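Since the structure of chain A is provided, determine the placement of chain B on it from the hints.
There are 2 protein chains.
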Amino acid sequence: MYISKLFLPILKNNPSEAKIKSHQLMLRVGMIKQSSAGIYSWLPLGFKVMKKIEKIVREEQNKIGAQEILMPTIQSSEIWKESGRYEDYGEEMLRIKDRQNREMLYGPTNEELVTDIFRSSIKSYKSLPQLLYHIQWKFRDEIRPRFGIMRCREFYMKDAYSFDVSDDEALFSYNKFFLSYLKTFNRLDLTAIPMAADTGPIGGNLSHEFIILAETGESKIFTDKRIFDLSIKNEKLEKKSLENMRKKYENYYSVTDEKFNKEEFEKKVLSENRLITKGIEVGHIFYFGDKYSKSMGASVDLSGGKKDFVKMGSYGIGVSRLVGAIIEAKYDDKQEVMKWPISIAPYDISIIPMISKNDSSALEKANNIATELQNNKIEVIIDDTEENFSSKIKKMNLIGAPYQIIIGKQTDGDLIEFKEVGKDSQNLKLKDIIKLIIEQKAKN
Amino acid sequence: MYISKLFLPILKNNPSEAKIKSHQLMLRVGMIKQSSAGIYSWLPLGFKVMKKIEKIVREEQNKIGAQEILMPTIQSSEIWKESGRYEDYGEEMLRIKDRQNREMLYGPTNEELVTDIFRSSIKSYKSLPQLLYHIQWKFRDEIRPRFGIMRCREFYMKDAYSFDVSDDEALFSYNKFFLSYLKTFNRLDLTAIPMAADTGPIGGNLSHEFIILAETGESKIFTDKRIFDLSIKNEKLEKKSLENMRKKYENYYSVTDEKFNKEEFEKKVLSENRLITKGIEVGHIFYFGDKYSKSMGASVDLSGGKKDFVKMGSYGIGVSRLVGAIIEAKYDDKQEVMKWPISIAPYDISIIPMISKNDSSALEKANNIATELQNNKIEVIIDDTEENFSSKIKKMNLIGAPYQIIIGKQTDGDLIEFKEVGKDSQNLKLKDIIKLIIEQKAKN
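In order, the protein sequences belong to chains A and B. Numbering follows this note's numbering, in which position 369 of the first sequence is assigned residue number 516; successive positions increment by one, without gaps. Numbering follows this note's numbering, in which position 402 of the second sequence is assigned residue number 549; successive positions increment by one, without gaps.
To be clear, the hints were calculated from the coordinates, so they are not data collected in a lab. One thing to keep in mind: the hints can contain errors.
Which copy? The list can't say, so a pair holds if one copy fits it or any two copies do.
With a Cα cut of at most 20 Å, we get these calculated EDC-like pairs of lysine to aspartate or glutamate [unchecked claim]:
| id | residue 1 | residue 2 |
| --- | --- | --- |
| 1 | K244 | E234 |
| 2 | K542 | D437 |
| 3 | K152 | E316 |
| 4 | K152 | E413 |
| 5 | K152 | D448 |
| 6 | K481 | E164 |
| 7 | K285 | E250 |
| 8 | K202 | E215 |
| 9 | K273 | E533 |
| 10 | K199 | E215 |
| 11 | K570 | D345 |
| 12 | K270 | E533 |
| 13 | K152 | E215 |
| 14 | K556 | D506 |
| 15 | K180 | E225 |
Values in this document were obtained by computation on a predicted structure and should not be read as measured data.
So here's chain A without its partners, still in its complex pose (with noise of 0.2 Å):
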């Protein structure tokens, strides 16, 4: 794809009214543009980037077996009411008035809308367990919106809902969800530390954050370095080496400022494991039991004839907030070189050919290389404008494609100048290259 025909609308300098970096960045290289206080439109370079992202998540909930379906934004205030969170949400719900004056409102999130569904199809514990996840536009509607999508108001959301008949095989689907956002977090190239944390407006006694670090993070965290030494690689969906994962997390300390306790932090952990920094929350899951069910009605015929609320848990992921929480932790500000991680890269490599008035032959290459890349699945941006060779690679990589081929007026042969950003430039053959990219690729 050349890019004088695309739509990137891409800044000289960072726009002064971003704070933090992947306000910036997203706005330098035309991702996102607002439309309104807190709320953006995702221009194509940015779009994609999502939809990457989107996908990983999606193949993880079906991984353990949930279903997607998808929930309208805008709700009755009815459910709420039953719930009894009408008046107690605040005002952070945005409520709305239709043109027959009913009191609707714009979900800020979905466990009245899910409960209802669920009252109204399954009847029997034979049908349990059901894990339902649907990807939506959420509204909260913040009172100061900033640092771009990281604290926007309209928001693009994964969130799942889990239905058990009892606790105990409610705490496998907590924990089926607590693997699968390691995995989902892992394929973004994210370290990601679940946290015990408060359950807030949800409600429930059992919660976890997943906390990535970021120096820029909103959340002090406190936590005990050798949770990253652990491995989920050879977890299985069983229930009892589930609980064993989450055991062996929940046996290093690990809090954000909201739960820290200085003493026990210090009695706990050594000094030399001890890292204190900040982070982003990327997900959160929680466990409330019949909290919904209750209120709302919501129950199953048991075995012995007898009937009994479900038991309920709620799972999120902020799927448009990870699109800045991944630039928070990967781009390289001071030098201005970001390098998505190649799962959810925009392009897979950007190819830099130098071209003038009189000479195109080097976007003649350019095309030829492109077509052989494309043929073998690898996703490539050229940039075809007659600018400067420091311009277009200074505009690559805030693109931020992990690799990069420059071709100048002496490239010539087999060999092709090949960079991964961050390192060395190395001339290697286009069959090398190939192999190269499309074994990073499968490693996702």
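Then chain B, alone, in the frame of chain A:
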């Protein structure tokens, strides 16, 4: 996938509130659930179909060089005041005040927002044409929502926008979408007729609706039968050939009742070619020149140094509506048999084994067959319940996978009872079944 594990709440009978067959089937077979007036949740079966339709719509947009973006659902009233449509739009627009008392709205369409994105990004004719599209939820506050998702309030729509330097170039863009729409509907196994249409609240002086034939359609249509013989197989994305293609279609009289003129119809169409029937609108395209670019100041620098307002068109396909429209076109509600086109079927094939308490050998056979099919990327649903044969077949006929395999007690050896829905069953080897389905899928 076992039917007992799916979130698939099937009703024994048609729900009394549903007046048309798409609404009946979608509620009956658990594709959707109403959450409030004119607002629906999509359950797994409906969601799968809608996503497959979305994918085809997206692929055909990409093929004509349109770039995907994603605009938010909530818009500021400011840009609608600029275009002059804020007051005009009437009560169908869902108007909202946020906590700061700012006037917002849930986008019913996106001409204003996309023009705002364009004007802040593109400055030169050299960057034209630009074709941008997004697939996003819209809201129109219908006074009387009815017919399920066919006339609902929150709906899923692909809307595209073209930006060109001149009327001539803009018509080229218009014709690209014209072709793209015909191809999209072909891939959905629909015959859509383009009909000259009024422009309504979008504006402009050139517009076509794409209408599919269905007895239950809301529009009366008057057409020349010969239009069905036109083919777009060999059309290329070239200005002249696209112009000729559109002319070919326009040569045949074809209008809805809003544009109907009896005298003209009878003059232009021989009586043996006249077809008067009903149809459903599934797409609508508009050319409106500088209607929005002028009022909102979206201009580009021309080659001579002057500036001019860009020429725009917009192009909509109702993605959620298509699910219903396809049911209206394909569902035999007398026999209670649905056959989804294989390009968008929720499952390619259903396997119906005869299972009793003491004999699950047929289920084992079903599992083995399913594994083999899935290895060939064929999507399978197995009825693993102990219901009787006839109620199982009834259920699968509603779910609508286009092929069925039936495994009775006697099934043995190489030959399998295989049925294309609506045709006689035959005994085939598994490898021939696989070959047949792969061939059918490859056609799309």
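Quick rundown of the hints versus the structure:
1. K244 - E234: Result: close both inside a copy and across copies, 16 Å intra and 18 Å inter.
2. K542 - D437: neither (53 Å within a copy, 33 Å between copies)
3. K152 - E316: Classified as between; 16 Å across copies, 53 Å inside a copy.
4. K152 - E413: neither (57 Å within a copy, 48 Å between copies)
5. K152 - D448: between (60 Å within a copy, 17 Å between copies)
6. K481 - E164: within (18 Å within a copy, 62 Å between copies)
7. K285 - E250: Both: 18 Å inside a copy, 19 Å across copies.
8. K202 - E215: For K202 and E215, the Cα distance is within 20 Å both inside one copy (12 Å) and across copies (16 Å).
9. K273 - E533: Between copies only: 14 Å across, 66 Å inside.
10. K199 - E215: Result: close both inside a copy and across copies, 17 Å intra and 13 Å inter.
11. K570 - D345: Answer is neither; intra-copy 42 Å and inter-copy 59 Å both fail.
12. K270 - E533: between (67 Å within a copy, 18 Å between copies)
13. K152 - E215: Between copies only: 13 Å across chains, 35 Å inside a chain, cut-off 20 Å.
14. K556 - D506: within (9 Å within a copy, 75 Å between copies)
15. K180 - E225: Classified as between; 16 Å across copies, 35 Å inside a copy.
When the structure is compared with the earlier hints, violations turn up for hints 2, 4, 11 and for no others.
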